[in-house]
Amino acid sequence: MRPLVLRWPSFRLIERAALPRWALRLVGPLTVLLGWELGARFGLINTLLLPPPSAAFGDLGVLISGGYLGKALYASLFRVVCGFALAVVVGALLGLAMARIRLVDDFFDPIVELLRPISPLALFPLAILWFGIGDGSKIFVIALAACFPVILNTFAGARSIDANLIRAARSLGASEFEIFKGIVLPASLPHIFTGIRLAWGISLIVIIAAEMVGATVGMGYMVLEAQQTFRTERVFAGIFVIGAIGFVTDLGFRRLRRWLLPWYRETQD
Amino acid sequence: MSGAPGQELVRFDRVTLTFPGVNGRPAIEVIRQLDFRIETGEFVAIIGPSGCGKSTLLSLLAGYLPPSSGRVLFRGKPIAGPARERMMVFQQPALFPWLTTAGNVAYGLKLKANRGNGRNVQSTVDALLHLVQLDGFAHHYPSDLSGGMRQRLEIARALAVDPQVLLMDEPLAALDALTRRRMQGEVLHIWEKTRKTILFVTHDIDEAVIMADRVIVMAQRPTSILEIEEVRLPRPRRREDPELAGIVRRLSALLE
Numbered sequence: 002m003r004p005l006v007l008r009w010p011s012f013r014l015i016e017r018a019a020l021p022r023w024a025l026r027l028v029g030p031l032t033v034l035l036g037w038e039l040g041a042r043f044g045l046i047n048t049l050l051l052p053p054p055s056a057a058f059g060d061l062g063v064l065i066s067g068g069y070l071g072k073a074l075y076a077s078l079f080r081v082v083c084g085f086a087l088a089v090v091v092g093a094l095l096g097l098a099m100a101r102i103r104l105v106d107d108f109f110d111p112i113v114e115l116l117r118p119i120s121p122l123a124l125f126p127l128a129i130l131w132f133g134i135g136d137g138s139k140i141f142v143i144a145l146a147a148c149f150p151v152i153l154n155t156f157a158g159a160r161s162i163d164a165n166l167i168r169a170a171r172s173l174g175a176s177e178f179e180i181f182k183g184i185v186l187p188a189s190l191p192h193i194f195t196g197i198r199l200a201w202g203i204s205l206i207v208i209i210a211a212e213m214v215g216a217t218v219g220m221g222y223m224v225l226e227a228q229q230t231f232r233t234e235r236v237f238a239g240i241f242v243i244g245a246i247g248f249v250t251d252l253g254f255r256r257l258r259r260w261l262l263p264w265y266r267e268t269q270d
Numbered sequence: 131m132s133g134a135p136g137q138e139l140v141r142f143d144r145v146t147l148t149f150p151g152v153n154g155r156p157a158i159e160v161i162r163q164l165d166f167r168i169e170t171g172e173f174v175a176i177i178g179p180s181g182c183g184k185s186t187l188l189s190l191l192a193g194y195l196p197p198s199s200g201r202v203l204f205r206g207k208p209i210a211g212p213a214r215e216r217m218m219v220f221q222q223p224a225l226f227p228w229l230t231t232a233g234n235v236a237y238g239l240k241l242k243a244n245r246g247n248g249r250n251v252q253s254t255v256d257a258l259l260h261l262v263q264l265d266g267f268a269h270h271y272p273s274d275l276s277g278g279m280r281q282r283l284e285i286a287r288a289l290a291v292d293p294q295v296l297l298m299d300e301p302l303a304a305l306d307a308l309t310r311r312r313m314q315g316e317v318l319h320i321w322e323k324t325r326k327t328i329l330f331v332t333h334d335i336d337e338a339v340i341m342a343d344r345v346i347v348m349a350q351r352p353t354s355i356l357e358i359e360e361v362r363l364p365r366p367r368r369r370e371d372p373e374l375a376g377i378v379r380r381l382s383a384l385l386e
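For the protein sequence lines, the chains are A and B, in the order given.
Take any residue in the first sequence, note its place counting from 1, add 1, and you have its number in our numbering.
Take any residue in the second sequence, note its place counting from 1, add 130, and you have its number in our numbering.
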């Protein structure tokens, strides 16, 4: 179905320019980059504070060929993937259990609601004491911060199942386990998936911040070190990479959902 | 196993249902002292004003609710809970959206409780999809189907576990007028082919009289029976039949 979009008549000309949609979507970011580059070249902005994108991309090449980016990226992504995976597994299981078993809900809900408003970074100094300056402390804060959206979305999904679906399954002869496996779980999957996407975004945000507070390697550390030595083009190179990772992985998540949940229509929400 | 036609299949024995009052609100008596019986193979329609507890009555039969007093008997035994011998067909189809059309029909057959009954899953699914005229849609998801098709799929899914009675809760109420008329014919066709007992709740008097052997007319809450009308007209029945129109007129007057 075509989404309802208001059109200004003259924009039709651009749309008729026979550009595919993805190419059209590149126009915005490229315009910003071009304006920025020109502003820097013509001395309109202080390039010490805001170096032109070309300088940032140039430094990105240096970082790649020197192997420095690869090392930082590997360290950061390893921590993110571990923390995120922990958050998804624990969050989904806890969310499902809380939604379907009253006792579990009564036990965990106050704990979740008490911990949720605490900034995960407030716990990071403690995490360093417990798990050291290496991977452990980062994985811990990422898992903690990222598990809340998974818990809450899973819970909402498992609670919002149409009661008649469960009744129908029960009439057909399903056991409690078969209802959980065959009805509750698949019916909650779209919500769980939304939670997972949010958790990934949070993981990417938390890792950079954590690595700026205390780390010896990683993307956050790389950006902070560049700032302290006043290499702003390197700061931007790092920021570009972080942004690109977020963009590409979210695209991947959408593809994955279309593949895993072909029956799900976003418009049903 | 489904019993001979004419045998008693369902009996409501002085059934009363009261929902307790919550937070100081008064208790609601939904059904009062209800007595009736349904025979094997019958097509019974239940009509009554909306909110009169017709759906609640089906929930009692499906085993989703216990009565407050009295007994709901199925083949002489009190109903203890949901079971595949009594299948509900919901007004808003409660299809499993993550399963295809064929997957929805096969769901019941693949449950542990129904395995090893000697029925081949694939051929049963094919036969049922053919019965409800959904052959060719086996690999579509429910969201790809129209309202009438979803309703037929729900009937096929219920029939898969070979129930003895189909409990249909205003199954055609959400359909447009034309689809609704066609579906009335479809349901009768399915009934004639399978000879299942059907209990069909509707608020449409025409629909009840055109389809059913007997029409049970309910009064406003608390539900009790105003009248039971035997419709002895031969099928297929025609809306224009003056005798049929006469019955409809009389029942309408009763409900006003």
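Possibly wrong hints are sitting among the right ones.
As the list claims (entries may be wrong) - Just a sample of chain A residues kept apart from chain B, beta carbon distances all over 10 Å, derived: (1) Leu95; (2) Pro118; (3) Leu166; (4) Arg171; (5) Gly202; (6) Thr250; (7) Leu262.
Unchecked claim - Simulated pairs of lysine-lysine, DSSO-like, Cα-Cα distance not exceeding 30 Å: (8) A/Lys182 / B/Lys323; (9) B/Lys207 / B/Lys323; (10) B/Lys323 / B/Lys240; (11) B/Lys240 / B/Lys207; (12) B/Lys207 / A/Lys72; (13) B/Lys207 / B/Lys242.
Rather than coming from a laboratory, the hints here were simulated on the basis of the structure.
Small disclaimer: the values here were computed from a predicted structure and weren't measured.
Each residue gets a CB set at the ideal place from its N, CA and C atoms; glycine is no exception.
Now for the hints, and whether the structure bears them out:
1. Leu95: It holds; A/Leu95 is separated from chain B by about 23 Å at its closest Cβ, greater than 10 Å.
2. Pro118: Correct as stated: the minimum Cβ-Cβ distance to chain B is 31 Å, above 10 Å.
3. Leu166: violated, 5 Å
4. Arg171: Answer for A/Arg171: violated, closest chain B Cβ roughly 4 Å.
5. Gly202: holds, 25 Å
6. Thr250: holds, 25 Å
7. Leu262: About 7 Å separates A/Leu262 from the closest Cβ of chain B, which leaves it inside 10 Å; violated.
8. A/Lys182 / B/Lys323: violated, 34 Å
9. B/Lys207 / B/Lys323: Holds. B/Lys207 to B/Lys323 sits at ~27 Å (cutoff 30 Å).
10. B/Lys323 / B/Lys240: holds, 24 Å
11. B/Lys240 / B/Lys207: Holds: B/Lys240 and B/Lys207 sit about 27 Å apart, inside 30 Å.
12. B/Lys207 / A/Lys72: Violated: B/Lys207 and A/Lys72 sit about 73 Å apart, past 30 Å.
13. B/Lys207 / B/Lys242: Roughly 24 Å between the alpha carbons, so the hint for B/Lys207 and B/Lys242 holds.
The structure is inconsistent with the numbered hints 3, 4, 7, 8 and 12, although it conforms to all the rest.
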